[in-house]
Amino acid sequence: MKRDRLAQLRSFWSEFRQVRFGMVGVALLVVFLALVIFERPLLTYRDVNSRWRDMMYWTDSPRYALPVWVNWFTSKDYATSAVIQAQNVQEAEGVRRTTMEFPYEFKAGRPPSDVLLQLALTGQVSLTLDIVRPDGRSVTYQKNTSSSGSQVLRISVDQNLRERVFQMVASAEDPAVAASRNPKQINSVGVLFGKAQPGVFSDPQVLDGTYVLKLDVTLVGATAKLDSAKVIVAGGVSGILGTDAQKRDLWSGLVAGTKWALIIGLLTSIISVVVGVIYGVASGYFGGWIDSLMNRIYEVFVSIPLLPILIVLSAVFKPSIWIMITMMCIFFWVGPVKTVRSIALQLKENAYIEAAQGLGASHRRILFKHMIPQLVPYAFASMALAVPGAITYEASISLIGLGDATVVTWGQILFDAYSSGAVLQGIWWWIVPPGLAIALMGMTFAFIGFAMDTILNPKLRTR
Amino acid sequence: MSEPILVAENLTKWFPVKRSLTQVVRHERTWVRAVDGVSFSVEKGEIFGLVGESGCGKTTTGKLVMKLLDITDGTLKLQGEDVTHIKGAALAQHRRHVQMIFQDPYASMNPRFTIEEVLMEPLEIHNVGKDRAERDVWVREILEEVKLSPPDEFLVRHPHMLSGGQRQRAATARTLMLNPSLIVADEPVSMIDLSTRAEILSMMKQLQREMGLTYIYITHDLSTARYFTDRLAVMYLGKIIEMGPAGTIIDKALHPYTMALIGAVCEPVSGKVNQIKDVPIKGEIPAATNIPTGCRFHPRCLYSVAECWQEEEPTLDDIGGGHRVACRRYKEIERLGNAARTSEASLGLRRTA
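From first to last, the protein sequence lines are chains A and B.
Using our numbering, the first residue of the first sequence is number 1, and each one after it goes up by one.
Using our numbering, the first residue of the second sequence is number 1, and each one after it goes up by one.
For lysine-lysine, the following DSS-like pairs were computed, each having C-alpha atoms within a straight-line distance of at most 27 Å:
hint, chain 1, residue 1, chain 2, residue 2
1, B, 18, A, 348
2, A, 230, A, 143
3, A, 184, A, 247
4, A, 369, B, 87
5, A, 184, A, 143
6, B, 282, B, 252
7, B, 44, B, 147
8, A, 195, A, 184
9, B, 205, B, 77
10, B, 147, B, 130
11, B, 63, B, 87
12, B, 63, A, 369
13, B, 282, B, 331
14, A, 230, A, 184
15, A, 230, A, 247
16, B, 77, B, 63
17, A, 369, B, 130
18, A, 348, B, 63
19, B, 18, A, 338
20, B, 87, A, 348
21, A, 214, A, 107
Here are some chain B residues pointing at chain A (derived, C-beta under 8 Å):
hint, residue
22, 66
23, 68
24, 92
25, 95
26, 96
27, 100
28, 102
29, 104
30, 107
31, 108
32, 110
33, 112
34, 121
35, 122
36, 125
37, 126
Calculated directly from the structure, the hints in this document are not laboratory data.
Glycine included, C-beta positions come from ideal geometry on N, C-alpha and C.
With the rest of the complex left out, here is chain A (with noise of 0.2 Å):
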């Protein structure tokens, strides 16, 4: 018996195989399962899954940074961002003094968005920062500081130097529009990677080269020390899908995304169709005041709103995935149910049910042999519909604050996107990957579901 369902299989599989667009969708699902299953490697910000929301955790990416393979197709490339960390430390033991160069190799079309130097300190220490640039122009920036506990410090090219850059370059330009020019409404990143020439300010040309980053730090209290310094360069372009307004990287979400998309969507859909059809199929099926009852039960589940439920259970319980798998379980059943019943109070009709009958067959083998499979096709048809649904009704949950804030999925990336109006800014690495995942997963389950109803329903077949 069991060699049989595996002979079974492999024809079935056989069989599948000639039909191309099913094949389409098996492959993707395998990339998806590839995707789920080969997480960890994939993903560039590991702690992804537990600090998706965490600002402190983005804090080092540039903010609506583009896909770096974005520089593939533009003539004028965007500055890939970069951690730099500090090279030629020299410690003298005798004045706590520490100094230390960050060099950074650039080369690229486009300025990137902001130079970052962050510090973790301790106590009252005093520092000074020089940027060299590969022209020689430098710029220099002092700070005192101090604290009784540990503190991290944050040097922006673009906040705190602004009015130095324009010092350094302001020579350079013709000194009437040097004189118009308001120093703090300067393009700084622009100019502090820019050629020192007329029209420095107003059109930028970028100067390649190592720009060094010297670091003097010397500790002037006595508990005073360093405890780590780096330099970041928030690029024009980051990872493979760039990034969004809270610094996040989309790439990592999207990947962290997909086992919720292919949980959520299959659970829910698979649950919610296989009760549906065969609630339906059996209303069909007994007919009479058994047909009646269960037209009652289905129209109060169709009636109840789903929305206030949710609210209020998320008032009673903490927000969960699982139980917003469960809610849609409940109240996404009847979806096919009237489809079903009607095709039943068609199928019932059919000659062989009578004859099974006939044979003496229980209502039970009638409804799973004869009848269900015949909604096999159906069902897998709107459980590809009801994937996608899945997924955007999880986004329309998070949209009112009810999303599971500790996962993170395609819907609630898309309603960000969506919510920090990435439409109007042209943020499309924002929209356009995670809209795509979701039609993608909605197309893997159609395609399959479609070649299953070839095989299945041999009617339809050619031959």
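Dock chain B against chain A, hints included.
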């Protein structure tokens, strides 16, 4: 041919007609009297035919015997046991003993099943055979029996991949899987090409001889009924109006309705082709909701007189040789018929002269 395998007494099936609101308020009910008191018995090893025009209740009778419909009134006995109101396990057992061949062999098989699955189904339902290997052997044997060979070629096919005749052979094979004591064949050849009809019927007859089967053969086709059956019952509006040995019924029909049915059979024989038949019947079959009083055939009968509708409905009386007829005036009609035949014969003679 002595012990009756099936005895039906006063078998009745009335279907309720959906009522209008006023009818519900007035507690009125109308019924479609599909089968209205039918009595017959089928002997072991016999082929019993039920003939009649469409809507006369012959298929409903078949389904009552199958217990596919609930019996409104009367009793049904299979091998001496009352099966009128059985349920559950007893009903399952009944369905193991009584099998049905349906009119449309294509519709009666699940299009998704292969022939193997179709034939396996009765065995699976009744859990017959110790393992798949044994069942496999049986399936092949039966396929050989109904002349679908080589079996391997047919086992993997779906019903739509067979010809009409092959399908009906497969459907017959399915009914044989459980070795039933009675097979109800509901117009088994009416949807099959004329050329293969005789083949199927002779196969069924051969099986009957070899395996000692008993058939109830339901048809509207008198010519195959004559060929196939041992005894015939003619039904009209839910009642048997004439019953007896097949040859007697066809050759010496006494009821005017039977005569009309026989008269309506086309004969593609030279000399009779252009003859417009004068079928001795008038009007249309009345609705089964409103059965005429007295003899139910009187509105259409050419020989009906006042007593036919004023008095009680005639009973199905034995007139010798197992020939039963439900007509008050069959003797007079017989005389009239003989006279007519004689005059026709003399007319024919004169014409040739």
